[in-house]
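Peer 1: Listed below are the residues making up each chain.
2 protein chains.
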Amino acid sequence: MQRRGALITPQIQDILKSANTVERIRELFADMHTYDIFILCENLEDDEIAECIKSLGIPVGIELFEQFDDERKKDIFNCFNKEWMADILEEMSPDERADFVVKLPDERVEEILPLVARAERIDIKKLINYKEDSAGSILTTEYAYLPQDVTAKAAIEKIKLQAFDRETIYYIYVIDHDRKLLGIVSLRDILVAPPQQTIREFMNPNVISVNVNDDKEEVARKFSQYDFLAMPVVDDASKLVGIVTVDDVMDVFEEEATEDIYKLGAAGEYLDYMKSHPFMLARQRTVWLLILVVVGCTSALILERNEHALQTAVALSFFIPLLLGAGGNAGTQSSTVVIRGLATEDIKLHDYLLVWRKEVMVGAMVGSIMAVLGALLALVIHSDPRLGLVVGSAMITSVMLAVSLGALLPMLFKKLKLDPALMSGPFITSIVDIVSLLVYFKIAMVILN
Amino acid sequence: MQRRGALITPQIQDILKSANTVERIRELFADMHTYDIFILCENLEDDEIAECIKSLGIPVGIELFEQFDDERKKDIFNCFNKEWMADILEEMSPDERADFVVKLPDERVEEILPLVARAERIDIKKLINYKEDSAGSILTTEYAYLPQDVTAKAAIEKIKLQAFDRETIYYIYVIDHDRKLLGIVSLRDILVAPPQQTIREFMNPNVISVNVNDDKEEVARKFSQYDFLAMPVVDDASKLVGIVTVDDVMDVFEEEATEDIYKLGAAGEYLDYMKSHPFMLARQRTVWLLILVVVGCTSALILERNEHALQTAVALSFFIPLLLGAGGNAGTQSSTVVIRGLATEDIKLHDYLLVWRKEVMVGAMVGSIMAVLGALLALVIHSDPRLGLVVGSAMITSVMLAVSLGALLPMLFKKLKLDPALMSGPFITSIVDIVSLLVYFKIAMVILN
Numbered sequence: 093m094q095r096r097g098a099l100i101t102p103q104i105q106d107i108l109k110s111a112n113t114v115e116r117i118r119e120l121f122a123d124m125h126t127y128d129i130f131i132l133c134e135n136l137e138d139d140e141i142a143e144c145i146k147s148l149g150i151p152v153g154i155e156l157f158e159q160f161d162d163e164r165k166k167d168i169f170n171c172f173n174k175e176w177m178a179d180i181l182e183e184m185s186p187d188e189r190a191d192f193v194v195k196l197p198d199e200r201v202e203e204i205l206p207l208v209a210r211a212e213r214i215d216i217k218k219l220i221n222y223k224e225d226s227a228g229s230i231l232t233t234e235y236a237y238l239p240q241d242v243t244a245k246a247a248i249e250k251i252k253l254q255a256f257d258r259e260t261i262y263y264i265y266v267i268d269h270d271r272k273l274l275g276i277v278s279l280r281d282i283l284v285a286p287p288q289q290t291i292r293e294f295m296n297p298n299v300i301s302v303n304v305n306d307d308k309e310e311v312a313r314k315f316s317q318y319d320f321l322a323m324p325v326v327d328d329a330s331k332l333v334g335i336v337t338v339d340d341v342m343d344v345f346e347e348e349a350t351e352d353i354y355k356l357g358a359a360g361e362y363l364d365y366m367k368s369h370p371f372m373l374a375r376q377r378t379v380w381l382l383i384l385v386v387v388g389c390t391s392a393l394i395l396e397r398n399e400h401a402l403q404t405a406v407a408l409s410f411f412i413p414l415l416l417g418a419g420g421n422a423g424t425q426s427s428t429v430v431i432r433g434l435a436t437e438d439i440k441l442h443d444y445l446l447v448w449r450k451e452v453m454v455g456a457m458v459g460s461i462m463a464v465l466g467a468l469l470a471l472v473i474h475s476d477p478r479l480g481l482v483v484g485s486a487m488i489t490s491v492m493l494a495v496s497l498g499a500l501l502p503m504l505f506k507k508l509k510l511d512p513a514l515m516s517g518p519f520i521t522s523i524v525d526i527v528s529l530l531v532y533f534k535i536a537m538v539i540l541n
Numbered sequence: 093m094q095r096r097g098a099l100i101t102p103q104i105q106d107i108l109k110s111a112n113t114v115e116r117i118r119e120l121f122a123d124m125h126t127y128d129i130f131i132l133c134e135n136l137e138d139d140e141i142a143e144c145i146k147s148l149g150i151p152v153g154i155e156l157f158e159q160f161d162d163e164r165k166k167d168i169f170n171c172f173n174k175e176w177m178a179d180i181l182e183e184m185s186p187d188e189r190a191d192f193v194v195k196l197p198d199e200r201v202e203e204i205l206p207l208v209a210r211a212e213r214i215d216i217k218k219l220i221n222y223k224e225d226s227a228g229s230i231l232t233t234e235y236a237y238l239p240q241d242v243t244a245k246a247a248i249e250k251i252k253l254q255a256f257d258r259e260t261i262y263y264i265y266v267i268d269h270d271r272k273l274l275g276i277v278s279l280r281d282i283l284v285a286p287p288q289q290t291i292r293e294f295m296n297p298n299v300i301s302v303n304v305n306d307d308k309e310e311v312a313r314k315f316s317q318y319d320f321l322a323m324p325v326v327d328d329a330s331k332l333v334g335i336v337t338v339d340d341v342m343d344v345f346e347e348e349a350t351e352d353i354y355k356l357g358a359a360g361e362y363l364d365y366m367k368s369h370p371f372m373l374a375r376q377r378t379v380w381l382l383i384l385v386v387v388g389c390t391s392a393l394i395l396e397r398n399e400h401a402l403q404t405a406v407a408l409s410f411f412i413p414l415l416l417g418a419g420g421n422a423g424t425q426s427s428t429v430v431i432r433g434l435a436t437e438d439i440k441l442h443d444y445l446l447v448w449r450k451e452v453m454v455g456a457m458v459g460s461i462m463a464v465l466g467a468l469l470a471l472v473i474h475s476d477p478r479l480g481l482v483v484g485s486a487m488i489t490s491v492m493l494a495v496s497l498g499a500l501l502p503m504l505f506k507k508l509k510l511d512p513a514l515m516s517g518p519f520i521t522s523i524v525d526i527v528s529l530l531v532y533f534k535i536a537m538v539i540l541n
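Residue numbers (the numbering used here), protein chains in the order written: chain H, 93 to 541; chain A, 93 to 541.
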């Protein structure tokens with residue numbers, strides 16, 4: 093499978109070497125969406141991409157620059173002279189720019205910042221101070237706003253003037269001279285309103301907003317509940333500082349799902365896979381494996397303690413993988429369902445008794461089937477009905493304990509304000525391993541001895 | 093933790109019993125977002141909610157109705173008389189309506205459909221025929237459109253007339269008399285265009301659209317790449333049949349993440365947890381557990397075959413849980429990272445050799461650490477250096493095999509056009525169990541015997 097842009101790469105390189113680069117590049121990419129231009133340019137060298145950006149000029153070139161990830165942005169950025177660097181920082185959208193600037197070396201920022209226009213300079217300094225993962229870190233300051241006493245007709249004229257550089261003009265925020273948020277109107281409301289009516293008369297004063305310090309995942313959840321296209325962000329004094337738009341929220345959704353999936357697989361924090369050195373990846377994963385090894389050692393010690401039982405009835409050891417496998421998987425299923433349910437708020441914390449009861453019933457049904465199968469297998473392999481009884485009883489006990497732990501531990505973690513996803517399959521499996529072995533030998537002692 | 097709406101429930105019930113219900117309900121919920129009204133009404137009885145919906149009238153009542161999930165919608169719907177049922181079907185947004193209608197019993201639909209206005213009746217019949225999970229299943233037919241030869245000034249007037257019942261008026265689709273899609277303009281473009289310019293002169297003819305039969309996950313991915321608010325859906329003859337809006341796409345993202353997480357936990361298809369009977373949940377999960385039991389039986393048989401080795405060196409059995417735990421977890425980590433990478437397109441299929449090499453290097457590093465720890469533990473517990481050597485060698489071999497299988501099996505599945513998420517942690521763990529046991533006894537035989 094070839095990357096989509098590879099075919100056109102030589103053609104672009106030819107144009108870059110020709111006399112009338114600017115016209116030909118503009119013609120080639122005319123009317124195309126920047127994401128498609130990005131796909132076609134991806135395979136070019138950094139300095140060639142910089143040439144394309146310069147040829148496309150403002151704003152298309154800047155939009156193209158924004159499509160690259162932060163690492164690549166840095167490499168391309170270094171191919172520009174200082175004046176162009178300042179232009180890029182001035183013209184980038186404020187939220188993208190803040191993310192990018194924090195990743196540049198401090199000396200570089202100090203070098204370029206004086207060349208950037210004052211308004212953008214202040215904006216950069218403000219935005220890079222918001223906490224990572226806060227609403228502030230994904231907001232843009234380019235929102236459309238109106239005072240409350242203009243008429244609908246005048247409002248349209250005012251919005252036309254703002255239309256060029258605002259992230260969205262479809263929601264307009266009504267603020268007073270102190271930037272306090274008074275209400276919200278949609279462009280649709282303004283269009284259909286009688287021309288002489290003032291904004292105050294038909295704005296919605298009941299604005300749903302988020303605080304700059306709110307967690308961005310919480311902001312994303314509000315978006316999907318209310319079906320907004322943009323949401324205002326206010327500071328502690330209820331003053332409007334910016335807006336969060338739905339395209340940034342979609343990225344948050346994707347990031348959040350990836351983080352959760354990594355935690356569920358005990359794979360550590362998310363790293364950009366294709367770009368990370370194996371050493372980094374190994375370091376990420378070793379932490380978790382070591383925790384799990386400590387648990388594994390406990391299993392080894394339990395078995396060592398029961399050396400005598402294993403020596404007298406070696407067949408006991410045959411069913412250990414089966415027993416641990418069934419318990420571990422049943423626990424993984426419960427914890428998966430509960431962790432995801434808590435994340436999407438389908439399962440609420442105060443329902444813990446209900447959830448537990450449900451899981452115990454599921455465990456009883458599933459466990460019985462497993463117990464019968466385990467007992468049958470023991471009979472077939474070893475033709476000793478007492479061993480069948482041991483395996484069967486251990487199996488159902490282990491599955492019941494597994495589903496209970498799988499359901500309750502994530503809820504307990506949530507209650508303690510820890511991330512429930514940490515109580516994921518691999519962790520539950522390890523705990524269930526220990527519990528199941530203890531149960532197994534206890535039952536074996538009672539029945540066989 | 094109390095549900096948010098519980099406190100206000102008695103107050104609403106009082107209003108419903110009072111004389112001037114309509115005015116008081118409207119006053120209570122004035123200017124509130126429908127999601128917030130929904131939260132306050134959630135705990136009412138079905139017939140009480142129907143009363144609220146009637147009092148709020150069209151369109152707010154219908155918007156409130158749309159907030160409930162399909163099961164609850166059905167219960168509330170049954171509290172209305174036939175005229176109201178027809179009104180609700182006429183006024184619901186087309187995509188929500190199509191989803192709801194397919195879940196009603198056929199007799200009921202036949203009973204009400206004749207009462208529904210002709211245009212909506214045709215629309216319902218058309219939309220319920222699209223395949224589940226296709227772009228057609230999430231589209232709405234309420235889009236704004238324009239012919240190409242009107243001026244910007246006239247366009248604004250035309251849009252005002254459409255503003256009331258369209259899902260969005262911020263993207264306007266330019267179509268010919270045959271509904272063929274010619275271009276797209278944003279309301280922003282129209283506002284800033286010279287009033288006498290025709291749409292044709294400044295529309296973007298390069299429209300990115302999806303086909304009605306495209307998978308909805310693919311549609312969601314395009315949205316996040318292009319940062320759209322809405323996207324046109326065309327049929328095989330390039331005729332516009334509707335649009336998909338970003339709010340529906342966010343729901344697709346959430347559904348998709350849930351499905352993937354369930355598969356990764358081998359928890360079966362997604363079911364609404366709080367509403368499903370434990371029997372349903374058990375049935376969902378048993379299928380997977382049974383597959384895993386078959387694998388577990390193989391482990392038991394391998395151990396039975398090695399009964400002699402286990403009898404002579406009972407200490408071999410002590411390290412089985414540790415060995416299987418380490419291998420299983422290392423495999424789960426690899427498959428988690430690869431499956432998620434394939435889903436977000438961070439990892440591409442043609443990079444399989446690169447990914448495998450990376451995982452082998454990670455496995456070598458992680459495996460060495462685990463091997464040293466395992467060997468030390470064997471020495472401490474059993475003070476036999478040969479046993480340490482067996483455990484250490486088995487550990488590193490098992491981890492290396494685990495990461496290779498974890499990386500390659502999901503990619504193989506993707507290549508075979510199967511869902512890579514099926515090659516999840518629990519499955520990899522089971523396969524690694526078998527392989528590790530075989531390796532363990534082979535090594536033990538060579539070293540100890």
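Simulated from the structure, these hints should not be mistaken for laboratory data.
Nothing here was measured: the structure is a model prediction, and the numbers come from that model.
Warning: the hint list may mix true and false statements.
Put simply, identical chains are the same to the list, so a pair is met inside one copy or across any two.
[As the list claims (entries may be wrong)] Quick list of in silico lysine-lysine cross-link-like pairs, DSS-like style, CA-CA up to 25 Å:
| hint | residue 1 | residue 2 |
| --- | --- | --- |
| 1 | Lys440 | Lys165 |
| 2 | Lys331 | Lys165 |
| 3 | Lys367 | Lys507 |
| 4 | Lys195 | Lys217 |
| 5 | Lys250 | Lys367 |
| 6 | Lys166 | Lys252 |
| 7 | Lys146 | Lys272 |
| 8 | Lys314 | Lys367 |
| 9 | Lys534 | Lys331 |
| 10 | Lys218 | Lys174 |
| 11 | Lys174 | Lys223 |
| 12 | Lys174 | Lys146 |
| 13 | Lys331 | Lys440 |
| 14 | Lys165 | Lys367 |
| 15 | Lys165 | Lys223 |
| 16 | Lys367 | Lys440 |
| 17 | Lys534 | Lys509 |
| 18 | Lys272 | Lys245 |
| 19 | Lys272 | Lys109 |
| 20 | Lys195 | Lys166 |
| 21 | Lys146 | Lys440 |
| 22 | Lys223 | Lys109 |
| 23 | Lys217 | Lys272 |
| 24 | Lys314 | Lys250 |
Peer 1: If a hint holds in the structure, say so; if it does not, say that too.
Peer 2: Against the structure, the hints:
In this assembly of identical chains, Lys440 and Lys165 lie within 25 Å of each other by CA distance solely across copies; the values are 21 Å between and 42 Å within a copy. Neither within a single protomer nor between protomers do Lys331 and Lys165 lie at most 25 Å apart by alpha-carbon distance, with minima of 33 Å and 39 Å respectively. In this assembly of identical chains, Lys367 and Lys507 lie within 25 Å of each other by CA distance solely across copies; the values are 23 Å between and 37 Å within a copy. Only within a single protomer do Lys195 and Lys217 lie at most 25 Å apart by alpha-carbon distance; the minimum there is 14 Å, versus 54 Å between protomers.
Taking the closest pair of Cα atoms, Lys250 and Lys367 never come within 25 Å of each other, the shortest separation being 46 Å inside a single copy and 51 Å across copies. In this assembly of identical chains, the alpha carbons of Lys166 and Lys252 never lie at most 25 Å apart, being 35 Å within a copy and 45 Å across copies at closest. Neither within a single protomer nor between protomers do Lys146 and Lys272 lie at most 25 Å apart by alpha-carbon distance, with minima of 40 Å and 36 Å respectively. For the homomeric pair Lys314 and Lys367, the shortest alpha-carbon distance between copies (24 Å) is at most 25 Å, but the shortest distance inside one copy (33 Å) is not.
In the homo-oligomer, the alpha carbons of Lys534 and Lys331 never lie at most 25 Å apart, since the shortest distance is 65 Å inside one protomer and 71 Å across protomers. Proximity of Lys218 and Lys174 under a CA criterion of 25 Å is satisfied intra-copy only: 22 Å inside one chain copy versus 58 Å between copies. Taking the closest pair of Cα atoms, Lys174 and Lys223 never come within 25 Å of each other, the shortest separation being 29 Å inside a single copy and 54 Å across copies. In this homomeric assembly, Lys174 and Lys146 come within 25 Å of each other (Cα to Cα) only inside a single copy, at 13 Å, whereas the closest approach across copies is 64 Å.
For the homomeric pair Lys331 and Lys440, neither the shortest alpha-carbon distance inside one copy (33 Å) nor that between copies (45 Å) is at most 25 Å. For the identical chains of this complex, Lys165 and Lys367 are intra-copy neighbours only, at 14 Å inside a copy versus 48 Å across copies, given an alpha-carbon limit of 25 Å. Taking the shortest alpha-carbon separations for Lys165 and Lys223, only the intra-copy value of 22 Å comes in at or below 25 Å, while the best inter-copy value is 41 Å. In this assembly of identical chains, the alpha carbons of Lys367 and Lys440 lie at most 25 Å apart only when taken from different copies (13 Å versus 38 Å within one copy).
For the identical chains of this complex, Lys534 and Lys509 are neighbours neither inside a copy (36 Å) nor across copies (47 Å), given an alpha-carbon limit of 25 Å. In this homomeric assembly, Lys272 and Lys245 come within 25 Å of each other (Cα to Cα) only inside a single copy, at 23 Å, whereas the closest approach across copies is 34 Å. In this assembly of identical chains, Lys272 and Lys109 lie within 25 Å of each other by CA distance neither inside one copy nor across copies; the values are 53 Å within and 40 Å between. Taking identical chains as interchangeable, the C-alpha atoms of Lys195 and Lys166 lie at most 25 Å apart only when both belong to the same chain, with a minimum of 8 Å there against 52 Å between chains.
Taking the shortest Cα distances, Lys146 and Lys440 never come within 25 Å of each other, neither inside one copy (53 Å) nor across copies (30 Å). Within a single copy, Lys223 and Lys109 get their C-alpha atoms no closer than 44 Å, and across copies no closer than 50 Å, so neither meets the 25 Å cut-off. In the homo-oligomer, the alpha carbons of Lys217 and Lys272 lie at most 25 Å apart inside one protomer (22 Å), although the nearest pairing across protomers, at 49 Å, exceeds that limit. Proximity of Lys314 and Lys250 under a CA criterion of 25 Å is satisfied in neither setting, with 30 Å inside one chain copy and 33 Å between copies.
Checked against the numbered hints given earlier, the structure breaks hints 2, 5, 6, 7, 9, 11, 13, 17, 19, 21, 22, 24 and satisfies all the rest.
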